[in-house]
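Undergrad: Build out the structure end to end from the sequences listed, making use of the hints.
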Amino acid sequence: RPSLAFEPYGTALFDKGILRVSSEAFTDAGFLSQELTLPAGSYRIKATLNWSATSEKPGSNAGHLSFHGKSMIYAINDSTATNIPVTAYFTSDEQPFRLSFGLGGWSTGKGYVQLKNLQLEYLKPQ
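Counting from 1, position 30 in the sequence shown corresponds to residue 30 in my numbering; the numbering is continuous, with no gaps.
It is possible that part of the hints are untrue.
Pairs of lysine-lysine, BS3-like flavour, derived with a Cα cap of 30 Å [unchecked claim]:
| hint | residue 1 | residue 2 |
| --- | --- | --- |
| 1 | K70 | K16 |
| 2 | K46 | K16 |
| 3 | K57 | K124 |
| 4 | K46 | K116 |
| 5 | K124 | K110 |
| 6 | K124 | K70 |
| 7 | K70 | K46 |
| 8 | K110 | K46 |
| 9 | K110 | K57 |
| 10 | K57 | K46 |
| 11 | K16 | K110 |
| 12 | K70 | K110 |
| 13 | K116 | K70 |
| 14 | K124 | K46 |
| 15 | K116 | K16 |
| 16 | K57 | K16 |
I should point out that these hints are in silico values taken from the structure, not numbers from a laboratory.
Predicted model, so just to flag it, every value in this text is computed and none were measured.
TA: Now the structure itself:
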């Protein structure tokens, strides 16, 4: 599995050592992975997240884990949570993509989001 390197984007406080983004003001900011290109096939993404986040607009997400600029894997809503497991399945079409997570994500949020763990697994055809 690829080991992911993340770089900050947007305006916030970033702790790269523990992959935590925080902001007292509403923002759309987080960490962005390097570009990934996976062989065609089915994959499982498993992540563990911590957050305490509030969205600026009622009904919109306060944070996210996403295929950057394409689609949301997991929407973080107003709340505080620790060690939340997230599992999603996707199919690679061999097009390059990036993963991102943080506050906002097609919206704006404040508080913090931390990525504790992330694994990409290839699912062998049955």
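Undergrad: Please go over all the hints and tell whether each is borne out by the structure.
TA: Tested hints:
A threshold of 30 Å between alpha carbons decides the hint, and for K70 with K16 the separation of about 24 Å falls inside it, so the pair holds. Our distance criterion of 30 Å between C-alpha atoms is met by K46 and K16, whose separation comes to about 20 Å. The suggested pairing of K57 with K124 is violated, with an alpha-carbon distance near 41 Å, which exceeds 30 Å. Of the pairs offered as hints, the one joining K46 and K116 holds, with about 11 Å between alpha carbons and a cut-off of 30 Å not exceeded.
For the suggested pair K124 and K110, the alpha carbons sit about 39 Å apart, so the restraint of at most 30 Å is broken. Straight-line distance between C-alpha atoms of K124 and K70 comes to about 25 Å, which keeps the hinted pair within the 30 Å bound. Between the alpha carbons of K70 and K46 the distance comes to roughly 18 Å, so the proposed pair stays at or under 30 Å and holds. For the given pair, K110 sits about 24 Å from K46 by alpha-carbon distance, which is consistent with the 30 Å threshold.
In summary, the hint linking K110 to K57 is supported, as the alpha carbons are separated by about 11 Å, within the 30 Å threshold. For the suggested pair K57 and K46, the alpha carbons sit about 28 Å apart, so the restraint of at most 30 Å is met. Of the pairs offered as hints, the one joining K16 and K110 holds, with about 18 Å between alpha carbons and a cut-off of 30 Å not exceeded. Under the criterion of a C-alpha separation no larger than 30 Å, the hint pairing K70 with K110 is consistent with the structure, at around 22 Å.
Restraint check: the Cα-Cα separation between K116 and K70 comes to about 23 Å, which is no more than 30 Å; the hinted pair holds. Distance check on the hinted pair: K124 and K46 sit about 16 Å apart at the alpha-carbon level, within 30 Å; holds. Using a Cα cut-off of 30 Å, the hinted pair K116 and K16 holds, with the two alpha carbons roughly 12 Å apart. Between the alpha carbons of K57 and K16 the distance comes to roughly 28 Å, so the proposed pair stays at or under 30 Å and holds.
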